[in-house]
Every structure is written in structure tokens, then in C-alpha cells.
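A.B. asks: What follows is the residue order along each chain.
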Amino acid sequence: MSKKLVALLLSSVITAGLVGCGSSEGAQTNPSGNVGTTQTASSDTSGSEGGYTTDSITINIWDSNQQAGLQAIADDWSANSGVKVNIEVIDWDNYWTLLEAGASGGEMPDVFWMHSNTAQMYMENDILLDLTDYIAADASVNKDNFYEGVWNLYSSGDRQYALPKDHDTIALLYNKSVFDKYGVDYPTDDWTWDDMYEAAKAITEGSGGDVYGMAMNTSNNQDGWYNLVYDYGAQVITDDHKGTTIGSAEGKAGMEMVRKLLTVGAPQSVVAETGTDSLFMSGKAAMITQGSWMINAFYTAENHNDYAWAMLPYADTNSNGTCDAGERYSACNGLGWAANANVADPKACYDLISYFCSEEGQKKQAQLGVTMGGLKGVSEDFSGAFEGMDVSAFVRAEEEGDLFFRPYTRKTTVWEDALQQQGGFLDAWQNPEDSALMATACDNAQKIIDDAIAAE
Amino acid sequence: MTKKKMTPSQKRQAIWGWAFVLPSILGLIVLNYYPAINTVYQSLCKTGDFGKGNIFVGLNNYKTVLGSAEVWQSLWNTVKYAIVEVPLGIVIALLLAVLMQKKLAGKTLFRTLFFLPMVCAPAAVAMVWKWLYNQQFGLLNNVFHTNVAWISDPKIAWISVGIIGVWSIIGYNMVLFIGGLQEIPKDYYEAAQIDGASSIRQFFSITVPLLSPTTFFIVQTRIIGALTVFDLMFMVMDKTNLALNKTQSIVYLFYTYAFTNGNRGYGAAIVMVLVVFIMIVTFFLQKLEKKIVYYN
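Those sequence lines, one after another, are chains A and B. Numbering-wise, this note's numbering comes out as the position in the first sequence, counting from 1, plus 1429. Numbering-wise, this note's numbering comes out as the position in the second sequence, counting from 1, plus 61.
Mixed in with the good hints, there may be bad ones.
No farther apart than 16 Å at their CA atoms in a straight line, the calculated lysine to aspartate or glutamate pairs in the EDC-like style are these [to be verified]:
hint, chain 1, residue 1, chain 2, residue 2
1, B, LYS113, A, ASP1555
2, B, LYS307, A, ASP1856
3, B, LYS300, A, ASP1846
Output of the computed footprint for chain A on chain B, the stretches with three or more beta carbons under 8 Å from beta carbons of chain A [as the list claims (entries may be wrong)]:
hint, stretch
4, 105 to 117
5, 192 to 199
6, 211 to 220
Stretch-level coverage of chain B by chain A, calculated; a stretch enters the list once three of its residues show a Cβ under 8 Å from a Cβ in chain A [to be verified]:
hint, stretch
7, 292 to 304
8, 321 to 334
These are calculated hints, taken from the structure and not from any lab test. Because the structure is a prediction, the values reported are computed rather than measured. For every residue, glycine included, the Cβ atom is placed at its ideal position computed from N, Cα and C.
Full structure from sequences and hints, please.
C.D. replies: In C-alpha cells:
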């Protein structure tokens, strides 16, 4: 009997222990990547001309496309300050898992990107270094010079927790050689979503299904279907961040258009295994929608001469044949540079952030084609960064069209993930021929978001 | 029974004994028992952000977990995975181990090859298989000229994932079996040969029963291993994969709730369900051990 008991106990301990490692206290929840530099707060100040107590700063970001450019800017700062900067890239999903594990009692990076999805939660829990006083003492940082929307994403009460790193917009990317091959006219800025549908249909049918006219995945929200919802007059998250109108008639009209596009696009089973970007770059998809932060990936791709950008199509909701106010929306968002509240040398971290967001740093960021600025007035530098590729569609999206901020609540990922999966939009996405499924999915989405907000 | 007083030398020995096991005990307490107990506690709480501000809610999480179709589906997915991985992994490994006992040219090479998957990082293994299975560009579909959505079709995705598991575990099981086979005295086989038993008869009448302690050990550890599978599903399936709901294991579901969604209390409750489930399975396995395992 006792032997049995021991065996039972042992087996349960093994499993519970396995699980326990995952609990918030488990220090080993950081399997990889997040190796914060051991803050050897050595008192020796050799080489630190700014009087910094640390000699290196670790940065975590999630976009490997930006690593080289940001490292170049950081190196400029290191040359003056004598503090080394290491940038580590962790992919989007694991970035947040690791950051949260770090914030709950593990090792956090010193400086890192903040995103509107989670900023609220991090700010309210004092995880981020309060930059307010540093900003007040810093003559080179002036709130009025930044994009106000991005600035406000990272303020809570009258405190500021991050400086705007960039802002972004969305445009339509197409492959000219595919359009030529099937004799279809290139996208223009006057396109409606219906025009896009017709063109995609012509290509998919012309190729006999070998090449898809367009590709979109449920996970392409900010750079994909969100934009249609707003074009047709609904909101994924209402302005007060307390609800959604995705289940309204307008929301359903927007998603109905998405459904139509999907009937002539790549099936969900394909895009779930091979990302839309890969499909596009391998010539399997003629059109995708993408954000300005991804330009570099396409600019440096093998067949980049075939690629061109146009503004996102609009929804002619009043059927007057022209694009009126509120008919062409582009999602917009901006990242923030934030620092860990418990960092050993907050001044050094702030100075680095301040340099990234200074005119010099922002100009260089734009000129290197990393991203558009968080500081106003560097759009031209950015457009000029891609010689031979016209990326003005991104700038025109904000000048000629309307912008909406990427929808967020306190715990955005909860409903964002649920929307992508079965029970959300996945079934409708999988069977785009069935318009009733899409209408049901909109009702489900309404409930998913409402429930998630209620549980926050 | 009355407790006898210890002599001074016995006392000294006892003290030293404790001193020697103390590091292990400390390690176990800090790394295993404390997190385990904390998991139980968290499962009774509505946990706050970043592990702060937990509110005790009693059995609420359990009520939600037990009423959730998603949890039962994931538990069923996990069982299905175990049904693929455990028997196949054991039968194939046993056959290979028996072959490896024979006089064979390049035996060491084969042993190394079969054991290689064990040395590879599970994440890397999963990534390679993900591309083999890819519907558009994958090797499988290209070689066989098929167009099967190996990992996106809910009907077959669980088998595809199970096959990766079998492939990864064969080498490990095989090495254990080889160890077990070497324990069996050669006399039995010689006697059987003299009596005129065929090699198939020898296999079932000598090898299988005498190997049963090893087999039982592998069955038990692999069942527990398969029920806690996570990395395969996590690496192979994308979030927008249609087959995810029908394939994700219960630990994957726990990860989604506890880490991606930051709902630790609910995640802890999910995992407690798994612990209880594994305890029940182990209990029946122990019962079974008495009946079928042959110790000489």
C-alpha cells in the first residue's frame, strides 16, 4: 500500500512541479532570450562620461527588420556616452510572455518597446519607469513636436511612461509582374474594395487557382480586416474603449466585404501554414495589405522591382463614386520606448530613450528606412529612404485619408486571440462562400469583445 | 512499538545523513513543492496583473474549468495524442531494439541514427516537421504528389502531430529496451532452441514476459510524458490554424490562459485538473502492474 502511495505522490509531484515552474514565482519561466545584462552596478566609472553607473544597457524588441537600423542609432549614442547597447530580438508572441514573466519577478530588459495592446496594464502596475520628471528637465523633448495620438497612448493620468518611437499606417502591396501576366490593371488610389475584389477574382480565375489574387489571414487585423470594418462605419473598439460595434449592420457590411475578398483569395488552410508575406514574396499571391513597418522586408526582397504600393482601397458607402471623408481609413499605431522601473541606472536609460526620440535619432531612423517617425517632420526622410520604390502611399494615407488608432483595451490580446480562433472568425474565414457564417461570426465577435472587456 | 533512544554514534550518523540530503531537500522545496503548493493556491484565486493583488474566489475557477467544453476537448486531444504516441513509440522501439541485438553490420551507426532525434532540441524538431508537412511547399506533398493539409485538417492533424512525437521518442525507448534485453540470460534462448522453438515463439514466450518490467516502466513514464505534451503543438500549430482546437493539448491551453492571456488562476485550475487526471491514470497503472508485470 505504502509503495502505491509513494508512486502516486511522486507522479503528482512530477506533474505539479512541471506546472509549478510555470507559476509566476518560478524563476525559470524565462527559458531563453531575456538575458538582462547582469547589472554589475560597479562603482568604477571608467568610460562613462555622462557619470552613468552602468556600462551596458539591454534592449528588447520584437522586429528583426529594425534591429540593424536601431543598433546603428544606439551606437551613435554609445560613442558619446560610453555605455554599450545590446539589442535583442524576441518574436512578438514570446516577447509579451517573457516581458510579463520578467515583470512578475524575473529579469527584465532595461529598455524595451511598449505597445498600445498592453500599455495600460503595465503603466497601472508601476512596471515602467516614470519618465515625467526626466522629460520636464529635458529641453530637447517637447510634447508638441510628437504625434499626439502616440504620445497619449503612453500617458496615464498626468504621468508619461514612454516616448513615441514611431507611427505607422497601412497600404496595399501588389506584384506588378503577376498583374502583367494576367492582364489586369494595377491598383490605383481610386480603387474601392469592390475593385480589389474584381482584380483579385480575375487573377485567381485567370491562373486557374495557381496564383491567388490576394491573401489575408485572420491575424492580419491591424494591417487587414480592421480597416474594412472602419471604412464601412463600424468600430472594433469604440472610442471610450468600453465596447464594440462589430456586430452592427455596418460592421457586418465591412466583414461581408472581407468575406467576398476571401472567396477570391488564398484559403485559410493555406495562409495558416504559409504566411501571407511568404506567399506574396514567392509570387503565389498578387496583393496583400501591409504596414509601413514592413517596407524594408519587401524593399530588400529578391524581386523587389516587381513590388509597388498603393493606398488602401476605400468603401463607397454613399455610392457617389468618389472617396469622401470617413470612407478610407488606415489603422495607425505607434510604439513607445519605455524602461524598466527597477533599472539600476534610470538616467542612462532615459538618456538613451531621449536620444532615440531626438530629432537626430528620429531623422536617422527615417533615413535608414527603419520606420516612420514618432516625431513630426521626418516623413520626407522616410520616403527618400527607399530609392526606386515609391512608398508615398503610407504618407498619403494620413494626409488624404482618415486614421484610426489600432483598437485596444486593458487586455487586448485576450479578445484579439479569441477573434482569430474557432468560435471567432475562423469558421467564416474557412468557408467564405457561406455569408450566413460571417454574420454569425460578427455576432460572436461582439460577444467575445463585450465579455472580455467585462472581465477586465 | 516504543521508540528506542539513539546511541551517540547513531545520532552523529543521523545528523550527517540529514546534512547530506539537505541540499536536495532544499532544492525540492524551493523548485518543486513551493511552486506546486502555490499553483494550488492560485487556482483558488482571481489573480491580478503581474502576480499582484490576488483575490480569493474559492472554487469559482474550477466551476468554470469543469463546465468548459474547451478544457474537455483539450483533455481529449491530449489523450488522443497519447494513444498515437505511446503504443507506436513502444512497439517500434521494441522491434528496433530486438534487431539491434542481432549481429548486424553497422549496428552502432544505426543505434546512433535512431537515438539522434533525442539529442535534437524539440523546438528544432518541430520546426523541421512543420515544413515537411507544409501544404504548399512541404516535402511530403511534393514527393507523394498529394495536396493534404497535414497539420491544418482537424481530422488528421492530431495524427500528424502524434507521428512527430513517435519519431522523437523511439530512440529513447529503444535504448531502454536494449538495456532490458541485455538483462535477459542467454540460457533461456539456448534452452528454447534445443526444444525447437521458432524465433517468433521465443520472442513472445521469453523476450516479452522477461522484458515486462522495462516495458511497464516505459509505458508509465511515456503516458505521463504524453499527457503533459506542449512543445510540439506550440511550435507546429499557428494560432490561426483551423485544427488548433482539435489538436491543442491541455498544457497548451494552460499556457494560453496563464501566460498569453495573463489569467493565472484559471490556468492553475486547468492544470490541477490534469494533475488529478494523471493521478487517476497512475493509480490504475499500478493496479495493472500486479497483474501483468513479471518479476523473476
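A.B. asks: Is LYS307/B close enough to ASP1856/A, meaning Cα to Cα at most 16 Å?
C.D. replies: Since the Cα atoms of LYS307/B and ASP1856/A sit roughly 13 Å apart, the hinted pair holds (cutoff 16 Å).
A.B. asks: Using C-beta distances, would you say chain A covers the stretch 192 to 199 of chain B, given that this needs three or more residues below 8 Å?
C.D. replies: holds (count 5)
A.B. asks: Next pair to validate is LYS113/B with ASP1555/A; report whether the Cα-Cα distance is within 16 Å.
C.D. replies: 11 Å, holds
A.B. asks: So is the stretch 321 to 334 of chain B in contact with chain A by the C-beta rule, three or more residues under 8 Å, or is the coverage claim wrong?
C.D. replies: Answer holds; 8 residues pass the 8 Å Cβ test.
A.B. asks: Check whether three or more residues of the stretch 105 to 117 of chain B sit with their beta carbon closer than 8 Å to a beta carbon of chain A.
C.D. replies: holds (count 5)
A.B. asks: Okay, the stretch 211 to 220 of chain B and chain A, do three or more residues pass the C-beta test at under 8 Å?
C.D. replies: Holds: 3 residues of the stretch 211 to 220 of chain B have a Cβ under 8 Å from chain A.
A.B. asks: Is it true that the CA of LYS300/B sits at most 16 Å from the CA of ASP1846/A?
C.D. replies: This hinted pair holds, its Cα atoms lying about 8 Å apart.
A.B. asks: Please verify the coverage claim for the stretch 292 to 304 of chain B: does it have three or more residues whose C-beta sits within 8 Å of some C-beta in chain A?
C.D. replies: That given contact holds, which follows from 5 residues of the stretch 292 to 304 of chain B lying within Cβ reach (below 8 Å) of chain A.
Checked against the numbered hints above, the structure breaks none of them.
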